[in-house]
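Asks: Chain residues, written in single-letter form:
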Amino acid sequence: MTGFDFSRLLHFWSQRWPDILGLIVEHIAVVAISLLIAMVVGVGIGMLVWNRPIPRSVVIAAAGVALTIPSLAMLALLIPTFGLGWTPTVIALVMYSLLPIVRNTVVGLREVPPAVMESATGMGMNQFSVLLRIQLPIAWPIILTGVRVAAQLTIGIAAIAAYVAGPGLGSYIFQGLSSLGSVNALNFALTGTLGVVILALLVDALFVTITRYTTSRGLRA
Amino acid sequence: MPKTPDTAIIQIARNTSGARIVLDHVTKSYANQPVAAVEDFSMTAEPGELIMFVGPSGCGKTTTMKMINRIIEPTSGSISIDGRDVLSLNPHELRRHIGYVIQQIGLFPHMTIAENIAVVPKLLGWSKNAIGDRIDELLTTVELNPRDFAHRYPKQLSGGQQQRVGVARALAADPPVMLMDEPFGATDPITREKLQAEFLRLQDSLGKTIIFVTHDFDEAVRLGDRIAVLSDRSQIEQFDTPANILASPANDYVASFIGHGAAIKRLTLIPVTDAVLGPVSESSGGPITVCDTDTLRDALDSLVLTGLAALTVVDEARRPIGSISVDRISAVLGADVATPTVQASRP
Ligand SMILES: Nc1ncnc2c1ncn2[C@@H]1O[C@H](COP(=O)(O)OP(=O)(O)OP(=O)(O)O)[C@@H](O)[C@H]1O
Ligand SMILES: [Mg+2]
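Taken in order, these protein sequences are the chains called A and B.
The C-terminal position of the first sequence is numbered 221 in this note's numbering, with every residue numbered one higher than the one before it.
The C-terminal position of the second sequence is numbered 347 in this note's numbering, with every residue numbered one higher than the one before it.
Fair warning: there could be bad hints in the mix.
Which stretches of chain B does chain A cover? Using the computed rule of at least three CB atoms under 8 Å from a CB of chain A, they are [to be verified]:
(1) 86 to 96
(2) 105 to 119
(3) 141 to 155
Sample of chain A residues lacking proximity to chain B, with all beta carbon distances greater than 12 Å (derived) [unchecked claim]:
(4) F6
(5) L9
(6) Q15
(7) I24
(8) V25
(9) P55
(10) L84
(11) I91
(12) D204
Quick list of the computed label-pair ranges, beta carbon to beta carbon [to be verified]:
(13) B:S127 x A:L132: 17 to 25 Å
(14) B:D174 x A:V25: 53 to 61 Å
(15) B:K155 x A:R110: 17 to 25 Å
Since the hints were derived computationally from the structure, they do not count as laboratory data.
Even for Gly, the Cβ is constructed at its ideal location relative to N, Cα and C.
With these hints in hand, go ahead and build the complete structure from the sequences.
Replies: This is the structure we're talking about:
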């Protein structure tokens with residue numbers, strides 16, 4: 001095993017930066033695609049079940065179970081049906097994202113004060129308009145918080161997806177781990193890990209900005 | 001796209017200065033409740049009338065009111081507005097023509113004041129310009145400067161200001177019927193009195209048919225054309241003008257609801273000019289005078305305050321037109337007691 005040498009790490013980066021950049025872009029892409037899908041599906045499910053006690057509990061329990069499956073196991077289970085690469089990765093990430101998004105959607109929609117709901121109905125809005133024009137905008141910051149949690153979760157889990165030949169920084173981490181003892185093993189693992197951490201921080205900051213610009217000023221504290 | 005509402009609703013909507021509301025043997029039993037919340041309730045509200053529902057907590061005021069805009073569906077009986085059975089109308093379209101103010105106000109927190117007021121006009125497909133004009137007009141009506149307030153959010157308003165916006169929002173599409181559930185409930189007595197005065201002035205010019213729920217009897221006396229005193233299961237104990245209820249309560253229940261000081265409450269309804277004024281010479285003069293637009297209650301207040309036997313009554317130009325004393329005030333009440341069925345008009 002070679003010891004850590006910072007100048008070697010810099011050298012490693014300068015040699016491989018186009019490669020590293022490509023992995024970062026892939027990582028962002030797979031997380032973004034998964035989050036978009038999870039948001040559409042999760043908010044949709046939330047809108048369907050928020051006021052139905054039994055479906056609501058079932059959906060949230062199911063999403064909770066999905067979250068407890070270890071990511072390696074989840075990915076392995078997806079291989080027989082979906083093969084390797086992007087597809088199983090995206091499916092796994094969507095499954096992990098659903099719990100925070102569905103739960104926060106349900107909580108957000110339910111938290112709209114009854115008086116607000118009643119005056120909306122009393123003014124002649126049908127149930128769908130109330131949901132779309134009153135509840136969803138009021139619940140929006142809470143829903144976005146769910147998406148933000150899902151983003152943190154999936155950035156980390158996406159790194160594991162290299163196990164099923166998925167895209168992203170995980171391939172460096174796995175390459176490092178599988179070649180322990182070789183010259184660049186530590187550099188590979190370190191680059192992948194650092195990339196994931198920095199990405200997570202940047203995405204979190206991005207969400208703070210998005211929340212700020214898409215939430216009505218009337219709802220901000 | 002809003003679909004075309006049926007003609008019955010259009011007819012109700014055109015009648016912007018008041019519709020006749022008839023409740024006929026209306027009963028509401030909630031599921032799993034042994035007794036009905038509203039039992040066999042019948043009442044007619046004439047066009048332009050301001051009717052107050054007064055009664056203790058839980059007697060069924062809100063339930064009765066909410067059946068008119070179908071927020072709650074009656075178990076049996078029928079309700080009609082201008083002769084149209086509301087149960088046969090599309091509830092969403094119906095509600096766009098019934099102004100609705102709830103106790104908790106329920107402004108939409110994510111919308112500005114202007115957007116809150118615009119909701120129903122938008123649902124009705126008004127043009128942008130018409131909506132903009134209407135917002136300015138209504139905010140001015142409820143004494144909120146449009147330049148200051150139109151683009152604020154509800155949380156940037158005081159409770160009293162929010163309640164005004166709630167009333168403005170309910171008036172937005174100029175509905176013939178208004179349902180108001182303790183609209184001034186959440187305010188301090190001073191703001192409340194101010195809102196009540198503004199509201200009376202507003203109603204004088206609008207002439208809507210209004211059902212107004214309160215458990216404050218004084219508010220009912222102050223605002224109502226007629227008051228329905230309700231007891232459990234929304235039973236009507238008495239339904240009459242404020243003056244008649246104060247002068248001759250139908251039973252002990254109504255009397256206990258009026259509480260102490262019925263005579264003084266009656267005085268708030270009677271203008272000074274209803275008394276037989278004495279000659280100006282009867283008054284000992286002094287700087288304190290009573291204006292001819294004041295009520296007998298105001299006159300009594302000044303008499304007690306000054307300790308004088310009589311005060312000068314002056315007209316708008318502050319010319320003395322007579323004098324008023326406690327005896328002359330009592331005489332007015334005495335006359336009223338003798339003829340309890342006379343319909344007194346609102347002050
Ligand atoms: N959704 C409901 N389910 C069951 N019972 C109800 C429901 N809403 C009201 N009730 C009951 O019906 C009765 C009348 O209630 P309502 O809200 O009409 O009273 P209220 O006169 O408006 O009282 P308050 O002055 O406190 O607002 C009460 O006994 C109440 O407990
Ligand atoms: Mg009530």
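Asks: Against which earlier hints does the structure fall short, listed by number upward?
Replies: none
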